[in-house]
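Asks: Start from the sequences and build out the full structure, keeping to the hints where you can.
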Amino acid sequence: MTTASSIVAVVPFGAKGRDTKAGGIGRQVARRLVERFADDPNVELRPVFLVAMPDTKSDAGYLVFGSTPDPDLAARYGESLGTTHALTGLYREDATGRAFAVSLVEVKSRTVAAEREIVVAPDELHRAEPALAAWLAEALGLPAPGLAPETANEPSYQAFLAGLEDETNATLLRAGDPSAADQARARAFDEYADAIKLDPESVRAEDRLLVLAAESVERGDEDRAARSLEDVVDAKPRSWRAHYVRAELLRRLGETNLAIVALEHAHALRPLRDVDIVVLAELYISEQAPGQAAAHLRRIAPGSEEFGRAQELLGILALGKGDPSAARRHFERAAENGRVSARAHLARVLIADGRRDEAARELEGVLSTSGADADALAQAHRLRLGLERPDLEAELERAGRRALSAEATGLDEVRAAFERVLAFDTHIWEAYFGLGLVARRSDDFAAAAGSFRRALELAPEQADVMHELGVALLASGSRADALGLLDRAASLRPREAAYIADAGFAHLQAGDLGAARERLRIASTIDAHDPLTRAYLAELERVEAESGKAN
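Counting from 1, position 46 in the sequence shown corresponds to residue 53 in our numbering; the numbering is continuous, with no gaps.
Treat the hints loosely; a few may be bogus.
[What the hints assert, rightly or not] Below, simulated BS3-like cross-link-like pairs (lysine-lysine); rule was C-alpha separation at most 30 Å, straight line:
#1 K28 / K204
#2 K243 / K28
#3 K204 / K243
Everything labelled a hint here was simulated from the structure, so no lab data went into it. What you are looking at is a predicted structure, and each value in this text was computed from that prediction instead of being measured.
Replies: Here it is as structure tokens:
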């Protein structure tokens, strides 16, 4: 055999056991062999995918795709993948003990080139995988790959394999049975966490859990991922990756204080990148902790790509302390480092200092900059309105207060005021926001959503706009679009119970009761007497009782 041309098709191992767990062990040990040889330059292992859905309810809903084909069929699998060999196996588990019976088939001759039965000693399942890898390498005439077991003990390895099996099932079930897929995904989180608790040094289990956690941002189950990572850091407190990913999830959930703690833990274990230091500072700012924020920002050196943003934030903090001179110095440094939005802040300082001509030049610079970010442009348009038409700015502010008030009278007059502002400048997001509020007061949710959407285009990071657009979309039946907006708005306003409660209600409407309860719990912690949160909780409890999932 020439090692350079050794390519092996790996058929998921079949199994004969006393329960369905044996099938998962056979399939996932075969998968692990593929992964174990992934970096070996001498051989390539290619997985064969065999998928079969259960025929009857007696199959318990699990996926059956292990197989132990005869040499001829194994060779055909190899031919379909362009391999020189095919590896097949059977995991046996009965009263006499446990073993893997494996065969290496030469594709060209359709004959068995090597075979072996590897007995699994009591409590030693985790050692079967490296033993199989050593045998395969020997049969191919190759150096053996790393032979350390993936976990230090069988219970951890069993939990790891179960996690791999449920993660695979979740992927395969996603299109046809989303509910079953979510259940399998939830089990995978728990199983990987168990594997780590049983062996804190299990790197692969941590890797898989972190992949699931990263996917949770798209799946909408960040709370579940954050809880699993909490188990990980309890078992493995020096895992900077677990702290780091957990911090991001908590930030998205609006758990700002916990996110700060997690990021600080990660920073203590391994210095954060400057971009993450800025995120940490922004979290401190949102929690009214300017001193801690400034301490981190001052450590970002002038040569860093984040220096401009750090200086801009320091300028905002200086304004908050009532020190416009220091703010101006920071904004000027930020502008010199390419922060266009810092020029808008600088214009604000100049306006306050009565230097209107200088401010106008700064604003013109912002508005004429190609590719300027939306926030900078939004600020510049609003400041220019105040400079050139203070009468319209005053009218905009009065109309905004009226649109937000409890009175439903004079809406035509309020709408006209916003339209006059837009006649002067069509890029004032606050005017579109006001028009959306007026439309919502008239129960015209489609028109409200249209105005809020335009406002969000002009000011993409405005939490108020996201929230109102999400509410309007939810009211008009667009649940999927509303969900992401309300979650994002809640993460930007982590101290606003109403924002978090509305996000929880959106998840309730979407049928994700776990995510709904987690968000409503946070909202209730912030304001236990908020009537909206209490109403949402009552509705959640009613739905849980009807579905038999009461918490």
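Asks: None of the hints should be skipped; say for each whether it holds.
Replies: Status of each hint after checking the structure:
1. Straight-line distance between C-alpha atoms of K28 and K204 comes to about 21 Å, which keeps the hinted pair within the 30 Å bound.
2. Restraint check for K243 and K28: satisfied, since their Cα atoms lie roughly 27 Å apart, inside the 30 Å limit.
3. Between K204 and K243 the CA atoms are separated by roughly 8 Å; this keeps the pair inside 30 Å, and the hint holds.
Going down the numbered hints, you'll see the structure goes against none, and every one checks out.
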